[in-house]
Amino acid sequence: MNVITNNKWIGQRTIRPDGADKVTGRAAFAADTTMPGMIWGKVLRSPHPHARIKSIDTSKAEALPGVKAVVTSRDIVDFPIDKSVMLGIQDMRWMCRNVMAREKALFPGHPVAAVAATSEAIAARACELIEVEYEVLPWSVEIEDALLPGAPILHDFMKFEGKPSNIGGRIEVKKGDIAEGFAAAEIVIERSFATRPVHQGYIEPHACLISVGADNKTTIWSSSQGQFMVRAMTAYLTGIPQSDIRAIPAEIGGGFGGKTIVYLEPLATLLAKKSGRPVKMVMTREEVMRATGPTSGSKSTVKIGATRDGKIVAAQGTFYLQAGALPGSPIRGAVGCSFSPYDIPHVLSVGFDVLSNRSKVAAYRAPGAPIGAYAVECVLDELAEALKMDPLALRLKNAAKQGTKAAHGPVFPRIGYIETLEAAKAHPHYTAPLGKLQGRGVASGFWFNAGGESSAQVNITEDGNVVVTTGHPDIGGSRAAIANICAELLGIDYRRVSVLIGDTATIGFSNLTGGSRVLFASAMVVTQSTDKVIATLRERAAKIWEIDPEAVKWENGAAHPASPNAGQFEPLTLAELAAKAPQMGGPIGAGVQLNTEGAEGGFGTHICDVEVDPELGIVRVIRYTAVQDVGRAIHPGYVEGQMQGGVAQGIGWALNEEYIYNKDGKVDNPGFLDYRMPVCSDLPMLDTVMVEVPNPKHPQGVKGVGEVPLVPVMAAVANAVHNALGKRFYSLPMSPPKVLEVIEG
Amino acid sequence: MTKLHVSTTINGEPAEFLCEPYDTMLDALRGPLGLTGSKEGCASGDCGACSITLDDRLVCSCLMLAAEAEGHELRTIEGMAHGDKLHPLQQKFLEMAALQCGICTSGMLVASDALLQKNPRPSEEEVRFWLAGNLCRCTGYDKIVRAVLETATDMREQGIREFRQ
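These protein sequence lines map, in sequence, to chains A and B.
Each residue of the first sequence is one higher than the last, beginning at 1 in this note's numbering.
Each residue of the second sequence is one higher than the last, beginning at 1001 in this note's numbering.
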C-alpha cells in the first residue's frame, strides 16, 4: 500500500467531532444518565485480605423498606476452576471470581454481595445489614512474602513445579545461548530493582446504568474501553445471550487499560433483572483504589554483558510481577519488550506471575513494558558509565533496525528506533547546560502495538455529507483522526464528516480500545469502507456520463471524467451524486469488518532533567523531551497529547505514586490526597518530537502511539536523579523519604 | 426527614431545589438540577472535576453543602458559553487539543475562567499553581497551560474583560 502524501487533512490539527460537547459539559459520561424508575446499587466488600466465606445471610437487608434486590455469588454464573474459558486475554474463571468473591474473599474490597434500593443511602444501609460469616485466613501482599516457603496459598488448585504455589504462571523469551553470550562479555553489570503497584488513575470512577426487560432484553449504559467486551463479559456472567444485550458506550473519562474489564455491569444487570427496575451503580474513589486496577508491583533482576567497545553480547532478565489475587499479571510486556530495542545475540528473559492478597491487576498503558524497561534502561545507564560512553551512543551502537531479529521473536521491518536516538542526540535539550543539583537522564522503550478486529460503516447522507460509525470508545481523540482520514480520502472538508461510536446493536464487533490499536485498526476499516463508497460514486458518475467507471476519477470531492474523456463532462460533486442516489441504485454507503494485521511496534527515546532538593528530598522534573517514532501523525495534537500524558503518568510512577499497605493488609492511601498523582504545578512543559517512519503495512502509515510514551519514563527519571546526585536508586518511587535516605547514605 | 428548600441563582437564572441536609452542592447540581457537566472524581476536594464558582469564588462543589447555595450566585460549566458562542477558553481548548477524555475539562475551564477574571495576565507558574487543584490524567497539563496562557493573551489583545452576559 502506498502512503498518501501532500495531504489536506491528514496531519492537520482539526477540531475534534466530540469537542464542543466536552467543553460545554454536554458530553454524557457513564454517571451522567438517568432512567425513569431508576434505583441505586451498592456493593458490600470484604474487610479482610483473605477469608473463607462460610455463610451469607441477606434476610435483614432484604426486609429493609426500599430494598428491591440483593445478589451474591450464587446469582453469578460459575466458571469451574478446572476449565479455562478465555475472552480475549481474560479467563472467565478469574473474572467471575473477581466481580464477586465465591469460595473466598481474596483482598480487602473484594465484592461479597450487592444491593439495589430506592436510594443510595438505603442501599448502603442494607449492605450493613448483610451478615457474612468469615473464617479469616493468613495473607500476604508483597511478592517476597507470597513466595516464602509456608506462605499462605491463595488457591489450592494452583501448582508450580508440582507443588502448591502462589506462582500463577511463567513465561520465557530466549534467543541464542545465554551462557555463551556472557562468556564473551568483557564487562557484566547485574542489578535488582523493585517497583510499587500504581493505579491507572482515571478521573472518572467506574459507573453504569442498566435496564433489563421482562423478556431479558438488556440495555447497558456504561463507560469502558470496549462495549463489546462489556456485552460479552456481562453475557457470560449473567447467562443472558449476547443478542439480548445492547451495550451503549458512554463517553469514557480515562481508562489507560483499567477499563478493559468489567466490575459493576454484571452486578447491576442481575440487580436490574431481579428488581425489574433500572439500576445505577457508581463507584466511590475509595472503591476504585481498593478494588480496581492497578498495575503490578515488581521485583526484577537484569544482567547485561558487553565488550569493551560497547557491543552488548548477552542480556538476561528475571521479572516477578504481582498479579493480585487472581492470575494474570502483564509478564508478557516485561519479558517481551525490555530487550527489543537492541540487537543482542544472546537473550534470556523470564517472567513470573505472582499472586497475593491484593486487587487483581488490570492493564495499564503498555502493560508490563515500563516495569521491564525501568530495570534494563537503568542497567544500560550504568554500563555506559562504566564504559565511559555517551548513553545515547551506547544505545545507537546496539540499536535494533530493519532485519534485526527481536528477542521476542519477530524480525523487524522498517522501524524508527535509530531515528529517535538520533533526534534525541541532535535535540538542543541534550546538550543544554545543567545547574547545581541538576541531572540529565535518557532511556528508551518499546511496545508491541496491536491490530485485531474492527468494524466501520461509512454512509453518505441525502444532502451529500458523511456519517462514519466505528466500534471503539474514543478516549484520546480517535474520532478526530478518523474525520481527517475520511475527509482526505473523499476530498471534502473534514467538518462534513461526522464520526460516531456505535453501540453493540448498531455496529459490528470491534475489539477493545487498548494496546495502541484503535487508530491503526479503525483507520484500516474506515479506509476500505470509504474506498468502496468512492467506487460506488465513480460507477454512478460513469452511468450518468455513459462511460466506463475506470474512466472516472474521484478528486476534491467530485467525480471527474479521466482521459480520454477528460473535460467532456462537468464534474459531479458528492452532493449532486447523493441527491441522485434514489434514481441511481439507492443509498450510498459501505461497511467493512476486518481482523487487522500489520501493527508494527513503536519506539521512544526520552531525555529528562531533574533538580533535587537535598533538604526536603524532593525531586522535580525541570525539563522533559519525548521523542517517538509515531508512524504517521494523523492528528498531531492528539499524538503529542498521548506522548505528554504517558510522560506525566511515568513521572508520577517514578517519583510519588505507590500503594501503601498497612499492617492489616489494607491499602492506606485510597484517595487522591495520599495517592499522589502529578498535579499541574509538579510538571514542566513536556516537549515532544514526532519522528515519522510510516508503517509500511498501513494505508496511512499509522503505528500505535498511546502506550510507548510510558515505557521509558521511570528509567529516564532515575538516570537523571543519578546524574544529579551521583547515587543510584534501585526502587520506585523516588519519593522524598527515600531520596533523603539515599542522600544521607 | 423533611427536605430543605433552597432558592439560589445558577448561571444568572433563578433556581430552586429540594435537598437533604447532608447533600453536597454537586449532588444537587447533578441530581435535581440536572446539570451534569460538573463531575465527581473523588468527592474529597482533591480532583477539581466538580469546580464551580460561588459568588465568583472558585470552589469544589463536592465540598459545599447544597443548602449553602441559599441566596448565593453559582456558576457552572453550563453557563460558560453564550448559546452557540463558546467562551474564548473553550474555543482555545478545542483548537489546541487541551483535552483528551474530557472528564476534567469542565472543572479545568471553570477554574481557568476564575483565574483570568482575577488575573488577566498570569505567568506560567501562576497558571500551574492555580490549576494545581484540578487533576488531569490524560494530557500532562502541557496543552492546558498553553491554552490558558494563549487565551489570556488573546483576551487582552481583543480587550475582552468579561465574557459573561
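Take the hints with a grain of salt, since some may be wrong.
List of simulated lysine to any residue pairs, SDA-like, C-alpha gap at most 20 Å [said to hold, decoys possible]: (1) B:Lys1003 with A:Lys311; (2) B:Lys1118 with B:Asp1055; (3) A:Lys311 with A:Glu422; (4) A:Lys405 with A:Lys697; (5) A:Lys543 with A:Gly598; (6) A:Lys388 with A:Asn723; (7) B:Lys1085 with B:Lys1003; (8) B:Lys1085 with A:Leu387; (9) B:Lys1085 with A:Arg495; (10) B:Lys1003 with A:Asp57; (11) B:Lys1085 with A:Ile15; (12) A:Lys727 with A:Lys405; (13) B:Lys1085 with B:Glu1068; (14) A:Lys8 with B:Met1096; (15) A:Lys388 with A:Val411; (16) B:Lys1085 with A:Lys8; (17) B:Lys1003 with A:Gly586; (18) A:Lys697 with A:Gly598; (19) A:Lys697 with A:Lys580; (20) B:Lys1085 with A:Asp21; (21) A:Lys54 with A:Glu133; (22) B:Lys1003 with A:Lys543; (23) A:Lys397 with A:Glu144; (24) A:Lys54 with A:Glu135.
If you are wondering where the hints come from, they were derived from the structure by calculation, not from laboratory data.
Checked hints:
Taking the CA atoms of B:Lys1003 and A:Lys311, the gap is about 75 Å. The hint is violated against a cut of 20 Å. Between the alpha carbons of B:Lys1118 and B:Asp1055 the distance comes to roughly 13 Å, so the proposed pair stays at or under 20 Å and holds. Taking the CA atoms of A:Lys311 and A:Glu422, the gap is about 18 Å. The hint holds against a cut of 20 Å. Proposed proximity of A:Lys405 and A:Lys697 is supported: the alpha carbons are some 18 Å apart, at most 20 Å.
Restraint check for A:Lys543 and A:Gly598: the C-alpha separation of about 37 Å exceeds 20 Å, so the hint is violated. With a C-alpha separation of about 14 Å, the suggested pair A:Lys388 and A:Asn723 falls inside the 20 Å cut-off, and the hint holds. Restraint check: the Cα-Cα separation between B:Lys1085 and B:Lys1003 comes to about 37 Å, which exceeds 20 Å; the hinted pair is violated. Of the pairs offered as hints, the one joining B:Lys1085 and A:Leu387 is violated, with about 61 Å between alpha carbons and a cut-off of 20 Å exceeded.
Annotation: proposed proximity of B:Lys1085 to A:Arg495 holds, straight-line Cα distance about 17 Å (limit 20 Å). For the proposed pair B:Lys1003 and A:Asp57, the alpha carbon gap of about 33 Å is over 20 Å, so the pair is violated. A C-alpha spacing of about 15 Å is found between B:Lys1085 and A:Ile15, which places the hinted pair at or below 20 Å, so the restraint holds. Distance restraint check for A:Lys727 and A:Lys405: the Cα-Cα separation of roughly 35 Å exceeds the 20 Å cut-off, and the hinted pair is therefore not satisfied.
Distance restraint check for B:Lys1085 and B:Glu1068: the Cα-Cα separation of roughly 31 Å exceeds the 20 Å cut-off, and the hinted pair is therefore not satisfied. Annotation: proposed proximity of A:Lys8 to B:Met1096 holds, straight-line Cα distance about 19 Å (limit 20 Å). Among the hinted pairs, A:Lys388 with A:Val411 is inconsistent with the structure: their alpha-carbon atoms are about 31 Å apart, more than 20 Å. A threshold of 20 Å between alpha carbons decides the hint, and for B:Lys1085 with A:Lys8 the separation of about 27 Å lies outside it, so the pair is violated.
With a C-alpha separation of about 59 Å, the suggested pairing of B:Lys1003 with A:Gly586 is violated against the 20 Å cut-off. Taking the CA atoms of A:Lys697 and A:Gly598, the gap is near 5 Å; set against the 20 Å cutoff, the hint holds. The hinted pair formed by A:Lys697 and A:Lys580 fails the criterion: a straight-line CA distance of about 37 Å is larger than 20 Å. At roughly 13 Å between alpha-carbon atoms, B:Lys1085 and A:Asp21 fall within 20 Å of each other, so this suggested pair holds.
For the given pair, A:Lys54 sits about 5 Å from A:Glu133 by alpha-carbon distance, which is consistent with the 20 Å threshold. This hinted pair does not check out: B:Lys1003 and A:Lys543 have alpha carbons roughly 71 Å apart, beyond 20 Å. Taken as a hint, the A:Lys397 and A:Glu144 pair is broken in the structure, with Cα atoms around 37 Å apart against an allowance of 20 Å. Pair hint A:Lys54 plus A:Glu135 holds up; C-alpha atoms about 7 Å apart against a cutoff of 20 Å.
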